[in-house]
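Visitor: Listed below are the residues making up each chain.
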Amino acid sequence: MRQANSTRAGFVIFGIFILYAVLCARLFYWQVIQAQSLSELGRAQSLEALEIPSLRGQILAADNFPLAANTISYLVYTNPKLSRDKKDYSERLGKVLDVDPASLSAKLTQNLFWIKLAQNLAPLKKEEIAKLNLPGIGFEQQYSRFYPEASMAAHLIGFVGRDDQGHAHGYFGVEGEYNSQLSGRNGAKYGVRDALGNEILGDVREISKIDGRTIRLTLDRTVQYSVDTKLAEGVEKYGADGGSVIVLDSESGAVLAMASYPTFNPQKYYEADPSTYKNPVLSSLYEPGSTFKVLVMASAIDLGRVKPDTRCTICAGPIQMGEYKIKTWNDKYNPGINMNDVIVHSDNTGMVYVGQKIGVKNMVSYLKRFGLGEPTGIDLQGEATGVVRDPESWHLIDLATTSFGQGVSLTPIQLVAAVNSLANDGVRLTPYVVSQIVTPDGKTIDIKHEGGSRTVSAVAAKTVTSMMVNAVEFGEAKWTKIKGYKIAGKTGTAQIPVAGHYDPNQTVASFVGFFPPSRPKITMFVLLNHPRTSIYGSETAAPIFFNIARDLIKYYNLPPE
Amino acid sequence: MKKLVTSSSILLIAIAVITQGVVIYISNTSAADSIRATKVSLKLNELSEENINIESKILTFASYQAVASRAAVLGFESTRDFVSVYDPVTVALSR
Chain Y
10 MRQANSTRAG FVIFGIFILY AVLCARLFYW QVIQAQSLSE LGRAQSLEAL
60 EIPSLRGQIL AADNFPLAAN TISYLVYTNP KLSRDKKDYS ERLGKVLDVD
110 PASLSAKLTQ NLFWIKLAQN LAPLKKEEIA KLNLPGIGFE QQYSRFYPEA
160 SMAAHLIGFV GRDDQGHAHG YFGVEGEYNS QLSGRNGAKY GVRDALGNEI
210 LGDVREISKI DGRTIRLTLD RTVQYSVDTK LAEGVEKYGA DGGSVIVLDS
260 ESGAVLAMAS YPTFNPQKYY EADPSTYKNP VLSSLYEPGS TFKVLVMASA
310 IDLGRVKPDT RCTICAGPIQ MGEYKIKTWN DKYNPGINMN DVIVHSDNTG
360 MVYVGQKIGV KNMVSYLKRF GLGEPTGIDL QGEATGVVRD PESWHLIDLA
410 TTSFGQGVSL TPIQLVAAVN SLANDGVRLT PYVVSQIVTP DGKTIDIKHE
460 GGSRTVSAVA AKTVTSMMVN AVEFGEAKWT KIKGYKIAGK TGTAQIPVAG
510 HYDPNQTVAS FVGFFPPSRP KITMFVLLNH PRTSIYGSET AAPIFFNIAR
560 DLIKYYNLPP E
Chain R
5 MKKLVTSSSI LLIAIAVITQ GVVIYISNTS AADSIRATKV SLKLNELSEE
55 NINIESKILT FASYQAVASR AAVLGFESTR DFVSVYDPVT VALSR
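First to last, the sequence lines map onto chains Y and R.
Residue numbers for the first sequence follow our numbering, so the first one is 10 and each next one is one higher.
Residue numbers for the second sequence follow our numbering, so the first one is 5 and each next one is one higher.
Heads up, none of these hints are tricks.
Covered, in the sense of this in silico footprint (three residues per stretch, anywhere, with C-beta under 8 Å from a C-beta of chain R), are these stretches of chain Y: (1) 75-87; (2) 153-164.
Some residues of chain R that are not near chain Y, with every Cβ distance over 10 Å (derived): (3) S11; (4) S12; (5) I19; (6) A20; (7) V27; (8) S31; (9) S45; (10) E81.
It should be emphasised that the hints constitute simulated quantities derived from the structure, not laboratory data.
Glycine residues also receive a C-beta, built at the ideal position from the N, C-alpha and C atoms.
Okay, chain Y solo, but in the shape it has when bound (with noise of 0.2 Å):
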């Protein structure tokens, strides 16, 4: 009897012992294998999340007029469930949104409590659709990008689309560039909830949005504006297939201007052919022709190897190098001629003269000095530089196409700015777009831009820029010149490589100069792809660069010199 007692105690304890296991394991497993999903279940249920979006700091023009701002406009969507006469609902809606009704009706069939219909609507779109009155229409307000000059600066200022995940995000220009700095960060509000769902009042737990930072440009509007339409009217006028200008503040390196065409409106970036985006200011590398002259020359100058009155003594004719015959663009010929005409002139035999006194090592020194083969270090994305190859490999076909700028290529910014070191007394300066970032809170940061590095001594440039100033007086493009004023300038037309020689019907024209000489406050370069009336820079490209200069001049009121 007291062994069955005993038994019995055994098993009870044996029991007691098992319940107690089962549950230690059960509490272990909930309590540690599941903790993280089953805390994050729970902050599910008892928290709602409301993201705060942060609002996008805007793009100033030099004037502080917004070239990028932020609007509102909404996005409406709709119960389809709440729909009964689904072909006359789509029809009032359709009519409102300018959409196909029947593609509004297929919306509607789809078996979810939400859909989306449209966004990025403006105000007057959303009171215009609200007055309809229509079941289960709701809306939800959003900020979004808004460019008030439309395609104004579009290749510069860049766009703002959306990334992986949805969120807003700049491409290209400034918007891409400055991204991080635009864009800000997003705040968050969780609201606590009890157990059934409902909303703990005054239990609201936030996370501040910080708003992005403004950006101001040195961009001015006005000579903006003056590019831009004259851009367009003759890339229209010359048969153009597209052209790009470049604004200096010739002192300073600030980009005051900077024009492509094609454009694109960054509004409605989706609607434009996708290779527009690209600034062809920044990525496109061409052959620059005759405007690369004034920098070999005055690396010559520089070298003291010529003078502006030194003779060339092979320029009595066509010059043949192996199976090459290097001609000038008239096939006419100066014996004689002095160094001052070869640019005036735009003489390529003189100037095979001139790369034949540099050298080839000389070359690709003055080269790099005059920033080849590297980023101008603009700040601005997608910049693209040429090659330039060790003297080593090169043969003697390539210095002399190299002196009259062919078989050598680079951009438009790092030509530009190469030629700007002559307008600055040989000091080549970094272009910069951007000049200061104003936090949200109002405190103004200053960009600061580094000094400049020597291309040529100042009296070689100052001797260059007198043979500029002839160029535009006595040469080609001196029908088109401005009355009273003088401009150091050089003309363009390089031929385009296709397939492994040059075609002679289709160039790059193209314009660089800077003005006033005596003490440089612009420096302009125009270019035109293949343009059809004319194939020469001087009958396309100059006459917009001195339209340009017109409206500069009363602009920045420049005396006549």
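Chain R: place on chain Y using the hints.
Guide: Relative to chain Y, chain R alone:
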């Protein structure tokens, strides 16, 4: 003793009633304040929204694109050439 108990009870009941009254008054006041605060907050949002919309309209109308197209409609044209004075202009001739 009985009197003390009675007066203490009355005092406690009175305190309870007064306290309850104060609670009701404070609750009503703060509830009204909360409604007012919500109204102010809604108004603030409404005005900020309106402000952004008005700013957008002003920027659109003040843009060079809009000004230029309006000027063209009205017949304004920019002068193509400019006048430069090369010699000093004589002024105050009578003196």
